[in-house]
Amino acid sequence: MAGISEKRSGAYTLLAYVTLIVISIFCVLPFVWMALASIDSNVQLFLKWPDSVTFDHYTKVFAEENGVRWFANSLFTVLSATFIVMVVAGLGGYALSRSKAWWKQPFLYAILLIRVLPSTALLVPLYKILLTANNGIGTVLRPLVGEHYRFVMQLFGFIDGYLGLIIVLATGQLPLALWIMKVFFDGVPKDYEEAAILDGATLVQRIRRVLIPLALPGLAAAGLFAFMSAWGDFLLPLILLSSPELQTLPIGLFRAFLRVNEIDYGLLAALATIYLIPAVIAFSFARRFLVQTFSGGVKG
Amino acid sequence: MNKLVAGGLAAIALSLLAGTANAESLRVALHGQAGIDAFTPTAERIEKNLGIDVEIVEYPAPDKDYMTKLLTELAAGNGPDLFSIPSAADVADMVAAGYLAPVGAELAAWPEYADFVDVAKQLAVSPDGETYVAPYILGIQQIYFRRDVLEKAGISTEQPKDWADLLARAKEIKEKTGSFGLLFPAGVSWGGGAFDEGFSHLIIGSSTPQLVTDDGKFDLTSQGVRDVFQFYKDLIDADLMPVDPLLGPEPWVIPKYEMFPSGELAATTCGSWCYIFDWGRESRNPIPDVTNVVGTWADPGQNGGEFVLANLGAPWAVNAKAANLELAKKALLEAGSVENQIETAARIGNIPASNAVQRDPRFQALTELVPIQAAANHGTYLKQATGMSVVSEGVARATEALLRKETDAAGAQQILVDHVRQTLGDEAVK
Amino acid sequence: MAFDAFQKRKERQLLWLLLPALVPLLILTIYPALYAVYLSMTNEALTGVAAAKPRFVGAANYLRLFSDGRFWNSLFVTFVFVVGSAIIGQFVLGFISAMALRRKIVGAPVFGAAILLPNAAPEVVAGFMWISMLAGGDHATLSKILVFFGLPYVDWLQTFPLFMVVMVNTWRGIGTAMILLTAGLAAVPAEVYEAARMDGANPRQMFMRITLPLMAPTIFLYMLISTVSTISVFGLVYALTRGGPGNKTEVISVYIYNQSFAAFQIGYGAAGAVVALVVSLALGIAYVRSLKVEV
Chain A
456 MAGISEKRSG AYTLLAYVTL IVISIFCVLP FVWMALASID SNVQLFLKWP DSVTFDHYTK
516 VFAEENGVRW FANSLFTVLS ATFIVMVVAG LGGYALSRSK AWWKQPFLYA ILLIRVLPST
576 ALLVPLYKIL LTANNGIGTV LRPLVGEHYR FVMQLFGFID GYLGLIIVLA TGQLPLALWI
636 MKVFFDGVPK DYEEAAILDG ATLVQRIRRV LIPLALPGLA AAGLFAFMSA WGDFLLPLIL
696 LSSPELQTLP IGLFRAFLRV NEIDYGLLAA LATIYLIPAV IAFSFARRFL VQTFSGGVKG
Chain B
3 MNKLVAGGLA AIALSLLAGT ANAESLRVAL HGQAGIDAFT PTAERIEKNL GIDVEIVEYP
63 APDKDYMTKL LTELAAGNGP DLFSIPSAAD VADMVAAGYL APVGAELAAW PEYADFVDVA
123 KQLAVSPDGE TYVAPYILGI QQIYFRRDVL EKAGISTEQP KDWADLLARA KEIKEKTGSF
183 GLLFPAGVSW GGGAFDEGFS HLIIGSSTPQ LVTDDGKFDL TSQGVRDVFQ FYKDLIDADL
243 MPVDPLLGPE PWVIPKYEMF PSGELAATTC GSWCYIFDWG RESRNPIPDV TNVVGTWADP
303 GQNGGEFVLA NLGAPWAVNA KAANLELAKK ALLEAGSVEN QIETAARIGN IPASNAVQRD
363 PRFQALTELV PIQAAANHGT YLKQATGMSV VSEGVARATE ALLRKETDAA GAQQILVDHV
423 RQTLGDEAVK
Chain C
0 MAFDAFQKRK ERQLLWLLLP ALVPLLILTI YPALYAVYLS MTNEALTGVA AAKPRFVGAA
60 NYLRLFSDGR FWNSLFVTFV FVVGSAIIGQ FVLGFISAMA LRRKIVGAPV FGAAILLPNA
120 APEVVAGFMW ISMLAGGDHA TLSKILVFFG LPYVDWLQTF PLFMVVMVNT WRGIGTAMIL
180 LTAGLAAVPA EVYEAARMDG ANPRQMFMRI TLPLMAPTIF LYMLISTVST ISVFGLVYAL
240 TRGGPGNKTE VISVYIYNQS FAAFQIGYGA AGAVVALVVS LALGIAYVRS LKVEV
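Protein chains in written order, with the working numbering: chain A, 456 to 755; chain B, 3 to 432; chain C, 0 to 294.
Since the hints were made in silico from the structure, they are not lab data. Idealized CB from N, CA, C, for every residue including glycine. Mixed in with the good hints, there may be bad ones.
[Unchecked claim] If the Cβ cut is set under 7 Å, some of the chain A residues that face chain B in the computed set are:
1. L586
2. I614
3. S697
4. R710
Generate coordinates for the entire structure from the input sequences, incorporating the hints supplied.
Okay, structure coming up:
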């Protein structure tokens with residue numbers, strides 16, 4: 456009896472191995488092509504072993520194309536957005552956790568619903584709103600900065616400017632981050648704060664001395680997910696940016712791919728690999744938070 | 003942390019400062035590496051002659067993505083100062099939307115404009131009688147065929163007399179060589195090409211050669227339109243045209259850059275640029291000795307006649323809301339200059355719009371293009387009207403249905419009429 | 000009384016803390032959603048006369064939408080896309096992976112990492128990589144692999160476009176499903192299996208009678224979330240097929256984009272967007288309800 460069961464168990468284990476190997480190959484194969492193509496001196500659109508190894512494609516990304524600039528722009532806008540998300544969601548999440556007000560529940564439901572809105576549906580109105588804001592800030596800044604107007608607007612403009620992209624990217628990540636932080640603070644006992652209140656600490660002091668140190672793991676999770684999502688976003692920079700100085704990696708990649716009759720797959724693969732690496736690093740850190748946050752911060 | 007952010011901002015501000023010397027700058031939208039390379043000397047001339055900075059902005063490459071970006075920005079009022087419009091069919095609508103500054107007076111006062119071929123000048127005039135674009139190159143399109151493939155199979159390379167003759171030639175190619183006999187761009191993913199590079203070739207030789215009536219309405223229910231769709235249908239049903247690649251993204255890549263060079267496709271509509279850009283010295287997959295191996299036929303008419311289809315190649319226009327309108331208009335004339343015409347012709351293979359190039363040795367060196375430039379003086383063209391881009395999209399949808407074998411010629415015509423009627427309203431259609 | 004005042008002051012303070020999150024959400028998501036409803040009742044366009052003088056057209060866009068075969072097609076494509084990739088593909092493969100990884104597997108972390116890798120790939124990169132796998136008939140990597148095994152190939156994105164898009168989206172989500180379902184499996188107490196084994200149940204019976212019923216809430220939750228997030232997928236499909244060939248892979252988000260930015264009809268595109276909003280919200284509300292969260 457035990458023999459049969461063990462034999463059967465062995466067969467199941469073998470089946471498990473076969474299944475896992477097949478699924479893993481399915482999952483990894485496209486990455487293998489991309490990695491090989493990026494160092495192949497004679498690159499083709501299909502998977503093949505490199506004729507000879509070269510790093511020319513990577514050199515080209517940085518030397519001939521504006522790779523450094525694209526990377527720096529992506530990193531700058533996405534990190535800024537992530538930082539904003541962590542601060543804003545940290546404060547908001549705390550408020551949502553501690554409040555007993557009537558608006559709390561509708562608000563939490565509402566931001567869950569925001570996550571289901573298709574982004575293409577909001578694009579045109581969003582563009583119009585940003586444009587109004589852009590014209591507003593332009594009117595204020597033009598007399599102040601005179602001849603430097605153009606690049607001041609590239610910094611603080613809402614259309615074709617860093618500020619606009621950062622704020623829009625950050626807003627998109629807020630709902631999930633607020634939920635993560637709210638659930639996180641629910642798990643932080645109120646004793647610490649109450650002790651601090653008894654000591655006469657103000658709200659600001661309470662936040663700085665007690666809550667920020669306690670909240671770091673939650674902030675890490677919120678920040679990582681915000682970073683990954685903003686890093687992968689391609690529609691917003693596509694619509695919002697035009698100046699070559701502001702281009703980010705996904706747009707550089709998309710444009711290189713659309714060059715009619717001039718597609719250079721080696722360059723594309725190198726560019727895609729460079730773009731992929733920060734996302735993989737962030738994901739490997741975020742993996743442990745996946746279960747808690749997948750359901751919108753609700754314990755499944 | 004705040005210091006860090008402020009520091010980063012300051013560093014970026016400095017790096018942006020470093021690139022600017024002149025106070026005024028002009029923003030020019032372009033797409034595609036070839037277009038940017040061709041424009042670079044002109045940009046330098048504008049900077050030198052007008053004492054301003056030229057900032058070239060690379061927009062997404064395929065025409066459709068370029069237009070999306072350009073129109074989004076123009077609608078928002080933050081478009082580039084000077085830009086080219088890939089498909090002339092879009093001009094009338096952009097005029098109606100108020101995006102383009104009138105430039106007729108400037109062109110009339112410009113001495114060089116007298117040398118431009120009449121077709122180019124006529125094509126530049128909008129339905130309201132004003133001119134909003136500077137023509138500089140022309141797309142002169144004909145049917146290009148593989149002379150070597152036809153001769154080897156013993157098929158006539160004579161100019162086809164009429165549509166029936168053209169269709170018979172395509173059938174003969176299929177029977178004797180197994181290659182596809184004739185391609186007219188069609189379907190949605192080719193964008194404006196289904197109209198500009200396909201449908202137009204046939205409609206100008208049909209019994210109703212214009213789509214626009216005298217009062218500016220579209221006449222789409224005509225027998226000519228029906229016959230054109232029937233011609234497509236005959237090509238598709240007899241399997242003379244490569245249909246599968248046309249249904250995918252980047253539909254031009256396989257037929258034009260792979261099948262035609264390899265001989266799997268023996269004839270296709272194309273412009274003069276094909277000799278240089280698609281299959282010639284600027285191509286990735288060139289055909290050796292292209293001017294001898296590849297011959298051209300004019301478009302035959304339905305019942306005879308020969309037509310050389312002319313349209314404006316990516317004309318230049320000035321943003322009506324340009325920061326400095328006068329400056330942008332001066333730059334426009336530089337963009338329309340004979341120098342830019344020749345440099346672009348050399349890069350992309352279009353035909354200069356000015357007859358002055360006939361006296362220029364740099365153009366004479368482009369031997370493939372010289373005879374075509376002379377032929378441009380008796381080119382035929384389609385009248386433009388507001389809503390032309392909608393007709394263009396309707397033709398793309400109608401031919402898509404034909405490609406998918408979902409409808410017949412009457413059905414395709416109905417798709418076109420319905421699309422235009424729904425989009426522009428009943429009053430726009432005759 | 001004093002306590003009440005304290006509580007009120009505290010709530011006011013908390014509202015201030017929430018304000019930096021509230022303001023951008025109101026301006027950049029809620030307001031655009033309402034504005035889209037207004038736009039859907041105009042003939043606003045990016046070019047032509049309507050761009051210069053948009054006018055109110057009432058329900059005309061909606062009437063046109065409901066008689067537009069291409070719109071119904073996009074709803075159907077979206078349905079197949081969601082059911083095929085989120086509900087069947089990702090779930091089945093994720094569940095199989097999670098079950099397999101419960102055994103004592105040598106190199107389990109390597110398998111786990113491999114299956115999770117696609118989750119990290121940005122949409123544009125995923126689209127680009129899969130074009131190499133699928134595009135170009137005999138050039139495609141998948142075709143080469145089949146030829147190696149002596150099997151026939153086709154032009155994947157032309158012949159089975161929707162199936163291929165479903166497959167690629169499945170590929171992106173196996174990892175998440177696996178992780179979530181692993182957590183669900185771990186929550187099933189070991190004693191239950193022990194007791195069943197004592198009663199002589201075979202693995203199939205244990206799976207059908209214990210694992211599945213106990214996992215049902217997790218599975219249901221997973222399906223709702225993945226359904227809702229799959230409806231809004233845009234970049235992947237756009238990078239891979241742009242909705243083609245024909246309209247065979249034109250999911251609703253791509254349809255909206257094509258109407259608004261390729262046909263330049265903002266008002267009409269907005270009407271499509273509003274319908275998508277209503278459908279997504281209905282599903283979203285079902286999701287929120289079924290969570291029964293204590294907040």
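| query | Is the hint on I614(A) kept, meaning its closest Cβ partner in chain B is under 7 Å away? | reply | It holds, given that the least Cβ distance between I614(A) and chain B is near 6 Å, below 7 Å.
| Interface hint for L586(A), Cβ within 7 Å of any Cβ on chain B | Hint holds; L586(A) Cβ to chain B Cβ min 5 Å, cut 7 Å.
**Study point:** Hint status (Cβ of S697(A) to nearest Cβ of chain B, threshold 7 Å)
**Key:** holds, 6 Å
For the hint on R710(A), does the least C-beta distance to chain B fall short of 7 Å?
holds, 6 Å
In terms of the numbered hints stated before, the structure departs from none.
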